[in-house]
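Number of protein chains: 2
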Amino acid sequence: MQLKKYRKQAQSFSVEGAKSVLELAQSSFEITHLMVTKPFWEDNEKSLKMLEDRVAVVTNKQLTAISAFKTNEAALAVARFRQHPPWEVEPDEYVIALDRIRDPGNFGTILRIADWYGINKVVASSDSADYYHPKVIQASMGSFTRVAVYHQDLHETLQGMTNIFAAGMKGEDVHKVDFPAGGVLVIGNEAQGLDTSLTPLIHQTVCIPGYGVAESLNAAVATAVICDNIRRSLNTN
Amino acid sequence: MQLKKYRKQAQSFSVEGAKSVLELAQSSFEITHLMVTKPFWEDNEKSLKMLEDRVAVVTNKQLTAISAFKTNEAALAVARFRQHPPWEVEPDEYVIALDRIRDPGNFGTILRIADWYGINKVVASSDSADYYHPKVIQASMGSFTRVAVYHQDLHETLQGMTNIFAAGMKGEDVHKVDFPAGGVLVIGNEAQGLDTSLTPLIHQTVCIPGYGVAESLNAAVATAVICDNIRRSLNTN
Numbered sequence: 250m251q252l253k254k255y256r257k258q259a260q261s262f263s264v265e266g267a268k269s270v271l272e273l274a275q276s277s278f279e280i281t282h283l284m285v286t287k288p289f290w291e292d293n294e295k296s297l298k299m300l301e302d303r304v305a306v307v308t309n310k311q312l313t314a315i316s317a318f319k320t321n322e323a324a325l326a327v328a329r330f331r332q333h334p335p336w337e338v339e340p341d342e343y344v345i346a347l348d349r350i351r352d353p354g355n356f357g358t359i360l361r362i363a364d365w366y367g368i369n370k371v372v373a374s375s376d377s378a379d380y381y382h383p384k385v386i387q388a389s390m391g392s393f394t395r396v397a398v399y400h401q402d403l404h405e406t407l408q409g410m411t412n413i414f415a416a417g418m419k420g421e422d423v424h425k426v427d428f429p430a431g432g433v434l435v436i437g438n439e440a441q442g443l444d445t446s447l448t449p450l451i452h453q454t455v456c457i458p459g460y461g462v463a464e465s466l467n468a469a470v471a472t473a474v475i476c477d478n479i480r481r482s483l484n485t486n
Numbered sequence: 250m251q252l253k254k255y256r257k258q259a260q261s262f263s264v265e266g267a268k269s270v271l272e273l274a275q276s277s278f279e280i281t282h283l284m285v286t287k288p289f290w291e292d293n294e295k296s297l298k299m300l301e302d303r304v305a306v307v308t309n310k311q312l313t314a315i316s317a318f319k320t321n322e323a324a325l326a327v328a329r330f331r332q333h334p335p336w337e338v339e340p341d342e343y344v345i346a347l348d349r350i351r352d353p354g355n356f357g358t359i360l361r362i363a364d365w366y367g368i369n370k371v372v373a374s375s376d377s378a379d380y381y382h383p384k385v386i387q388a389s390m391g392s393f394t395r396v397a398v399y400h401q402d403l404h405e406t407l408q409g410m411t412n413i414f415a416a417g418m419k420g421e422d423v424h425k426v427d428f429p430a431g432g433v434l435v436i437g438n439e440a441q442g443l444d445t446s447l448t449p450l451i452h453q454t455v456c457i458p459g460y461g462v463a464e465s466l467n468a469a470v471a472t473a474v475i476c477d478n479i480r481r482s483l484n485t486n
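So the sequences go chain by chain: A and B. Just so we're aligned, residue 250 is where the first sequence starts under this note's numbering, counting upward by one. Just so we're aligned, residue 250 is where the second sequence starts under this note's numbering, counting upward by one.
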């Protein structure tokens with residue numbers, strides 16, 4: 250489950266940690282296996298009752314042995330991939346497009362940010378981190394159950410869409426942009442920024458004004474600051 | 250150098266990666282040892298000329314062997330701790346106070362955010378991640394050379410200070426706060442939030458409005474969004 254090719258083969262992925270497993274159980278994902286420690290099961294037996302036939306109670310040591318992380322003292326679930334509805338964007342909806350966001354921690358944090366700001370669709374280039382990567386799941390803190398990720402070609406996806414904004418080092422000051430009711434926010438690779446072949450598809454590049462010396466902000470941090478400015482702008486109108 | 254007690258003993262710390270080492274060399278930190286790979290040295294010999302007497306050219310393999318990370322193909326420097334000037338805050342200056350920010354990645358990212366927003370002093374409780382931890386240094390992307398971190402008691406530090414804002418789940422909407430010219434932004438522990446014994450010292454708790462279902466934002470992300478709102482508010486006045 251820690252390798253993409255095995256996840257793909259099994260059409261399944263693993264979810265670890267108390268919070269994520271509990272959120273998974275309440276979502277529409279189908280859990281096929283659940284490994285829990287005794288204390289975790291005793292604390293959450295009621296809310297996980299429907300999974301009783303798939304539960305194995307194991308020791309911390311056993312759980313850690315199959316974990317993708319250093320320790321796991323709560324639970325690990327295996328769930329089936331979920332089919333999203335076909336990609337479609339409403340005119341008054343914001344979505345996020347990720348161009349080669351490779352770090353799974355960044356990717357998962359962006360899902361959490363999207364969820365916070367009421368964005369529930371993310372399109373990601375196929376060379377971005379994988380939606381079902383254990384570290385993506387972990388960093389999203391349960392938001393992976395609510396934000397649908399579409400791994401598909403960005404050129405095709407953005408073609409013909411309206412209000413496409415990209416985060417960049419140069420562009421319109423995000424504090425001054427009057428954001429429309431819906432659109433796309435494109436976030437480029439952590440080190441290289443946006444793929445230049447995407448540039449012709451962008452309607453406006455927005456930048457976050459800096460007041461110090463740091464060269465840039467982390468990709469997830471930039472996403473949050475821009476989403477915050479979008480919401481703030483929409484509330485003012 | 251990877252363990253706090255040895256760093257303390259040696260009064261030194263290590264800095265890895267091309268960007269961080271180059272920024273270190275341009276800062277007031279004193280570099281005592283520098284290990285470089287041949288390609289890195291050839292690319293940067295001019296800007297590192299003054300360190301020629303302390304350089305050892307090593308192989309990727311040798312460098313990775315002493316690295317705190319999975320790989321290091323560029324450089325590793327050892328530098329002495331630097332003495333900051335005594336803690337003092339100007340009336341028109343913002344500083345950040347970190348209450349038990351334990352994750353070194355978050356801590357380093359917050360230094361990078363502070364540097365972006367022109368904040369160059371951070372006070373952190375002694376049970377926060379250590380300023381000189383290799384992952385703090387790495388995540389700060391060079392900003393550790395420009396942002397001074399004071400590990401000292403937060404109660405004592407905040408006592409008598411003015412305009413102390415804390416990030417919280419409940420409080421005044423950060424979009425509506427009219428921020429004064431200077432003050433303190435306090436960020437609480439990733440999981441537990443602010444230590445309740447600090448609450449009486451806080452003048453105003455501010456919250457970031459959410460529009461979705463996620464329970465919270467990552468501590469570093471929240472820091473950035475609030476700093477952005479502070480700068481935006483100051484520019485409007």
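If you are wondering where the hints come from, they were derived from the structure by calculation, not from laboratory data. It is possible that some hints are incorrect.
Cut-off 25 Å, straight-line C-alpha distance, at most; resulting in silico cross-link-like pairs (PhoX-like, lysine-lysine) [what the hints assert, rightly or not]:
| id | chain 1 | residue 1 | chain 2 | residue 2 |
| --- | --- | --- | --- | --- |
| 1 | B | Lys384 | A | Lys384 |
| 2 | B | Lys384 | B | Lys419 |
| 3 | B | Lys287 | B | Lys257 |
| 4 | A | Lys319 | A | Lys257 |
| 5 | B | Lys425 | A | Lys425 |
| 6 | B | Lys310 | B | Lys268 |
| 7 | A | Lys254 | B | Lys319 |
| 8 | A | Lys319 | B | Lys425 |
| 9 | A | Lys268 | B | Lys287 |
| 10 | B | Lys419 | B | Lys268 |
| 11 | A | Lys287 | A | Lys257 |
| 12 | A | Lys310 | A | Lys425 |
| 13 | A | Lys310 | A | Lys287 |
| 14 | A | Lys384 | B | Lys319 |
| 15 | B | Lys268 | B | Lys253 |
| 16 | B | Lys287 | B | Lys310 |
| 17 | B | Lys419 | B | Lys319 |
| 18 | B | Lys268 | A | Lys253 |
| 19 | A | Lys319 | B | Lys254 |
| 20 | A | Lys319 | B | Lys384 |
| 21 | A | Lys419 | A | Lys257 |
| 22 | A | Lys319 | B | Lys319 |
| 23 | B | Lys254 | A | Lys419 |
Predicted, not measured: the structure shown is a model, and the values here were computed from it.
Okay, the hints, checked on the actual structure:
no., hint, verdict
1, B:Lys384 x A:Lys384, "holds (17 Å)"
2, B:Lys384 x B:Lys419, "violated (31 Å)"
3, B:Lys287 x B:Lys257, "violated (31 Å)"
4, A:Lys319 x A:Lys257, "holds (24 Å)"
5, B:Lys425 x A:Lys425, "holds (17 Å)"
6, B:Lys310 x B:Lys268, "holds (20 Å)"
7, A:Lys254 x B:Lys319, "holds (22 Å)"
8, A:Lys319 x B:Lys425, "violated (42 Å)"
9, A:Lys268 x B:Lys287, "violated (47 Å)"
10, B:Lys419 x B:Lys268, "violated (39 Å)"
11, A:Lys287 x A:Lys257, "violated (31 Å)"
12, A:Lys310 x A:Lys425, "violated (54 Å)"
13, A:Lys310 x A:Lys287, "holds (12 Å)"
14, A:Lys384 x B:Lys319, "holds (17 Å)"
15, B:Lys268 x B:Lys253, "holds (23 Å)"
16, B:Lys287 x B:Lys310, "holds (12 Å)"
17, B:Lys419 x B:Lys319, "violated (40 Å)"
18, B:Lys268 x A:Lys253, "violated (31 Å)"
19, A:Lys319 x B:Lys254, "holds (22 Å)"
20, A:Lys319 x B:Lys384, "holds (16 Å)"
21, A:Lys419 x A:Lys257, "violated (39 Å)"
22, A:Lys319 x B:Lys319, "holds (15 Å)"
23, B:Lys254 x A:Lys419, "violated (43 Å)"
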